[in-house]
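Protein chains: 2
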Amino acid sequence: MIYPKSIAALIEHFQKFPSVGPKSAQRMAFYLLRMPLTEVEKFAQSMIDAKQNTRTCEICFNMSSSSPCEICSSPQRDKSTICVVAETKDLIAIEKTNEYKGLYHVLQGLISPMDGIGADDIRIKELLNRLTDEKVKEVILALSPSVEGEATSLYLSKLIKPFGVKISRIAFGLPVGADLEYADEITIAKALEGRREL
Amino acid sequence: MIYPKSIAALIEHFQKFPSVGPKSAQRMAFYLLRMPLTEVEKFAQSMIDAKQNTRTCEICFNMSSSSPCEICSSPQRDKSTICVVAETKDLIAIEKTNEYKGLYHVLQGLISPMDGIGADDIRIKELLNRLTDEKVKEVILALSPSVEGEATSLYLSKLIKPFGVKISRIAFGLPVGADLEYADEITIAKALEGRREL
Numbered sequence: 014m015i016y017p018k019s020i021a022a023l024i025e026h027f028q029k030f031p032s033v034g035p036k037s038a039q040r041m042a043f044y045l046l047r048m049p050l051t052e053v054e055k056f057a058q059s060m061i062d063a064k065q066n067t068r069t070c071e072i073c074f075n076m077s078s079s080s081p082c083e084i085c086s087s088p089q090r091d092k093s094t095i096c097v098v099a100e101t102k103d104l105i106a107i108e109k110t111n112e113y114k115g116l117y118h119v120l121q122g123l124i125s126p127m128d129g130i131g132a133d134d135i136r137i138k139e140l141l142n143r144l145t146d147e148k149v150k151e152v153i154l155a156l157s158p159s160v161e162g163e164a165t166s167l168y169l170s171k172l173i174k175p176f177g178v179k180i181s182r183i184a185f186g187l188p189v190g191a192d193l194e195y196a197d198e199i200t201i202a203k204a205l206e207g208r209r210e211l
Numbered sequence: 014m015i016y017p018k019s020i021a022a023l024i025e026h027f028q029k030f031p032s033v034g035p036k037s038a039q040r041m042a043f044y045l046l047r048m049p050l051t052e053v054e055k056f057a058q059s060m061i062d063a064k065q066n067t068r069t070c071e072i073c074f075n076m077s078s079s080s081p082c083e084i085c086s087s088p089q090r091d092k093s094t095i096c097v098v099a100e101t102k103d104l105i106a107i108e109k110t111n112e113y114k115g116l117y118h119v120l121q122g123l124i125s126p127m128d129g130i131g132a133d134d135i136r137i138k139e140l141l142n143r144l145t146d147e148k149v150k151e152v153i154l155a156l157s158p159s160v161e162g163e164a165t166s167l168y169l170s171k172l173i174k175p176f177g178v179k180i181s182r183i184a185f186g187l188p189v190g191a192d193l194e195y196a197d198e199i200t201i202a203k204a205l206e207g208r209r210e211l
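One line per chain: the protein sequences are C and A, in this order. Take the position in the first sequence, starting the count at 1, then add 13; the result is the number in our numbering. Take the position in the second sequence, starting the count at 1, then add 13; the result is the number in our numbering.
Please keep in mind that the hints were generated in silico from the structure rather than gathered at the bench. You may find that some hints are simply not true.
25 Å max Cα-Cα, derived BS3-like pairs, lysine-lysine [stated by the list, open to error]:
{"hint": "1", "chain 1": "A", "residue 1": "36", "chain 2": "C", "residue 2": "55"}
{"hint": "2", "chain 1": "A", "residue 1": "171", "chain 2": "C", "residue 2": "29"}
{"hint": "3", "chain 1": "A", "residue 1": "18", "chain 2": "C", "residue 2": "55"}
{"hint": "4", "chain 1": "C", "residue 1": "29", "chain 2": "A", "residue 2": "102"}
{"hint": "5", "chain 1": "A", "residue 1": "36", "chain 2": "C", "residue 2": "29"}
{"hint": "6", "chain 1": "C", "residue 1": "55", "chain 2": "A", "residue 2": "55"}
Required output: the full structure, derived from the provided sequences and hints.
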């Protein structure tokens, strides 16, 4: 024996999620089995609802309940700036700061030859199409300082230049509250490189 | 904005699981949103199936698709030994070794005054009832060497003694493959205490 079939199937489903190993999947399945049936049904329904109610914005490729998304269709947002991010979750991280009032463009990935992801597999063409609109004055590249993020930023900046818009990249350096002593060398190098005159 | 409502609800559901924080919950929700709808529906259904098809065994309180469970009703199992565990997942860990052929008793918790869990809140009474059956010759306590596990083991051994059955406890010591140098003091002390003559 070991597991009843239905529990084994459930554990297998949980294990498909990123960073969920066999032990976590088992823990989650057992937790679920202790929940009242009505709660389990609500959870199951919320998964289907979220899936069915989520669209991809036809302009910026953000995940949203409508297309164009709430950001693209808001009259309050500054249409002169486009912030380029890799994934919707990066957009959300920036939105949480409440500091940025422009538009976004979600690439839906980064160029990564190792994983077989080329420039045509992410939403680069669609970004360039948006730049033909004269309202756009600046593109901010907010991609992670990883190998893939660096490569994609470099590639994008070359393609964007001919459009004559300002291109900038978010700053990399020591995170606020960090201790210089414990920072890694690459971060310190980036922090030195990005120093500003006071 | 930040999240569409249906995604926020989904993230909230994931966050209820043990050892799933806001970041993991978000990652899991986004992973789910990238799955095809048919897959999401299968997952949702498997949760409801697992919940509906899982019973608690009326004899040993194991989670199973039937009651009595497959172990309690198997003629191959040795009815003279009962192994006492805290949770079904501990039973599964022991079953995976393929070494134990007796029966089990799942306490469904450990005595923990800090969490308000007393002796009456776990399946102790039901264990003692099983000991009135003359077939039972040995009770093996397989509870973790935590404060709660120790307290529950001590309490159980006092209650079981009058029944005149053998009581044993699983051995604690260095795990196989471990390095003495890196073991903690309590484990080393347990290993010394539990030494066996060769």
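Query raised in the report: Hint by hint, which ones does this structure get wrong, listed from lowest number up?
Result: Those not satisfied come down to hint 2.
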